[in-house]
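Just so you know, the protein sequences line up as chains Y and Z, in that order. Residue 933 is where the first sequence starts when you use the working numbering, and the numbers rise one by one after that. Residue 1071 is where the second sequence starts when you use the working numbering, and the numbers rise one by one after that.
Note that these hints are calculated values from the structure, not bench results. These numbers come from a predicted model, not from an experiment. Cβ atoms here follow ideal geometry from the backbone N, Cα and C, with glycine treated the same way. Among the hints, a few may not be true.
Stated by the list, open to error - Between beta-carbon pairs, the in silico distance windows are:
hint: 1; chain 1: Z; residue 1: V1246; chain 2: Y; residue 2: A1006; range: 37 to 45 Å
hint: 2; chain 1: Y; residue 1: V963; chain 2: Z; residue 2: V1089; range: 43 to 51 Å
hint: 3; chain 1: Y; residue 1: S980; chain 2: Z; residue 2: L1143; range: 45 to 53 Å
hint: 4; chain 1: Y; residue 1: D1012; chain 2: Z; residue 2: I1088; range: 29 to 37 Å
hint: 5; chain 1: Y; residue 1: Q1009; chain 2: Z; residue 2: L1081; range: 40 to 48 Å
hint: 6; chain 1: Z; residue 1: P1261; chain 2: Y; residue 2: Q1009; range: 53 to 61 Å
hint: 7; chain 1: Z; residue 1: V1089; chain 2: Y; residue 2: V1026; range: 43 to 51 Å
hint: 8; chain 1: Z; residue 1: A1210; chain 2: Y; residue 2: L940; range: 47 to 55 Å
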Amino acid sequence: MQVKPFKLVTVFCEAILESLVITELDELGIVGYTASDCRGRGTHGVRSGSWRLSSNIRIEVMCDEEVAEKLASALSQKYDKDYGLLIVASNVDVLN
Amino acid sequence: MVFDPIVLFFLLGVIAGIVKSDLKMPSALYEALSIFLLLAIGLKGGVELSKYNILELLPSTFIVILIGVLIPLIAFPILKFVGKLNHFDSASIAAHYGSVSVVTYSVALAALAERGMTHEGYIVVYLVLLEMPAIIVGVALARMAPDATKKAAGWGKLMHEVFSGKSILLLTGGLVIGWIAGEKGFAPIEPMFGGLFKGALALFLLEMGLVAASRVAAFRSYGMFLVVFAMVMPIISAAIGIFTGFMLSLSPGGTALLATLYASASYIAAPAAMRIAVPKANPSLSIGASLGVTFPFNLFVGIPLYFGAVERFF
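Okay, chain Z solo, but in the shape it has when bound (with noise of 0.2 Å):
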């Protein structure tokens, strides 16, 4: 099997988006299973940094940062001056490059499992900081351009926006409680956080898939740039993880991880602050590259693309 079975509820979802089938998900539903995988993620990252010292870990924490600042500067000329896209496009474009996406690491924390690779319970710290530092960069860049206005809404909005958005919140929670409880605090929770984990998530893919496939009918508006960028970019951000793993000495596993977080894009936490921070971007180009090429191209060919070359790399 060269990539989880789970990713198979995400073509479903597809599917039935494309045929126009009824299916639909209550967003109760919706709501409620992202809120639990967020916690679930939290939970169990911060169970295992539990068993590290977090001061050993803040020169590596630091570097990884400093490479989600980097990936959006990458992006960024290449929208701008090979793409052609505008100005603030490119900005928004680069931030959801380089903030990354939840379900992504889920699905790269389930073919881990599956191939039995361990790797540092620390990674987890990373999604949480890998969300903001891309998305700062992003609003940064926008406010360089020349005709840029101060109409705008201002940095505290924004910084609002993004830390009491609930990804934040509930993955930083997650890992406080779970940090807090430890190993033997955390086993009397862990069949509901633990054991439902991997349905959970397929049962969001299926969502995901539905959401997925209504922007794919807009593909051809894109323009064949786009597309291609959406693919390239997070193979040039993978291979940049996948260096950076082996420099601050990662597991496999670890190493594997941190590639797919790196190439990831980000389609929750980055639409919502550019829409806000850019106004003047256009929001379906950019979730249309990050939700409809990205994610399913790193589902189905990303993720088994990484976790090989890390494989044969070390």
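One chain only, chain Y, in its complex shape (with noise of 0.2 Å):
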């Protein structure tokens, strides 16, 4: 079997920024996500999930390490400086 190596990258968010991520994935060309929501307490206090915008989610793609840089540049330019964002890579197996 053959194991490739990927960049598991996360990102945090508030709720309301999915459709802008989004697309932010489709530029780059990124074809695969997975999407939850979320609760929990970060810089921006507590985000209980009680209605919409207090919610978080957690979108998680898997990508090459240069696509990964990439997405996080765009979008911790774009709104990390006014939003709720987090984005934490790690390395992963994708064993199918």
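Two chains, two frames, a set of hints: combine them into the complex.
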């Protein structure tokens, strides 16, 4: 079996940014993503998820390192200043 | 009874929030209730609308929208020059106060029924049409800022956010379905959308109370100006509404409803649109004012006040 190394980029952001982040993925040619609702606390205070404006989402994408860097810089340039946004990446092996 | 008993459900929600009760409405129920309320209001309005000639309503509708554009233009200079808020916050809050709140409208509808007052069924069309103009004015005001950047999301994105949002979609959809169905077609579904309306609204207000309580906690950080603004602005808007209703020769019930519409501040459509279109505005200021102060103010003081004024005036 061939194991392919990838970057797993996880974007935590305000739920309202979902369509804007996905537009960014489209522009970079990232085909797949997984989005889930989440709640928690960060530098923007408690995000309780009780209604849309206090909801957060987590968008996970798998891509190579170069695309991951482009994505991170595009997102942080556009949204980091005015919105709650956290981008993390880890190394993963895709097994199938 | 000066106010409708359903507003006590709001109070119960606020109390539950303040005492940190474990009461939490499942978000699926909140979603379901809001879909139900929007559809019910749209449907009933559509049925009423089918009794009128739409073309005859155009001139008055135009005036009502024009006033809807005027309100944020009155609010903006007050916020910016009297309140000394920054340009973006002023524009965003002005948009919230120009736009309308469906739940406040629903409570006013219930108050009308309580008093046995009738109204022109087409007022619901104003509810649908008044949501957007103020948002557009707010965004335009924000973009006039000397240091406004072009980085913000474009108008296309904003229009999509507003028009595809469930409130406009369901209100308009319900309106069209009700209009096509007419009185006779609506009769079989009336028990669901008519009879259950007030009970569902009571449950929804319980949830609104919980959400509002979480905003009340941050009261001190708003500053006195904004708290006063959030109570005075609705009265100014309601006075304009009563005058407009009088000029358009609406019935007392219709005038009270129009006054309540202008007095209400949006806390669902406007915050979402402003967050995307004016990222530099602080959402906790505008939502805190509209949901934390103006919404309960309208429920407990405003609606009885506007209705009382109309009853005295006519």
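A quick look at each hint next to the structure:
no.	hint	in the structure
1	Z:V1246 with Y:A1006: 37 to 45 Å	holds, 40 Å
2	Y:V963 with Z:V1089: 43 to 51 Å	holds, 49 Å
3	Y:S980 with Z:L1143: 45 to 53 Å	violated, 34 Å
4	Y:D1012 with Z:I1088: 29 to 37 Å	holds, 35 Å
5	Y:Q1009 with Z:L1081: 40 to 48 Å	holds, 46 Å
6	Z:P1261 with Y:Q1009: 53 to 61 Å	holds, 54 Å
7	Z:V1089 with Y:V1026: 43 to 51 Å	holds, 50 Å
8	Z:A1210 with Y:L940: 47 to 55 Å	violated, 41 Å
The structure does not agree with the numbered hints 3, 8 stated previously, though it agrees with the rest.
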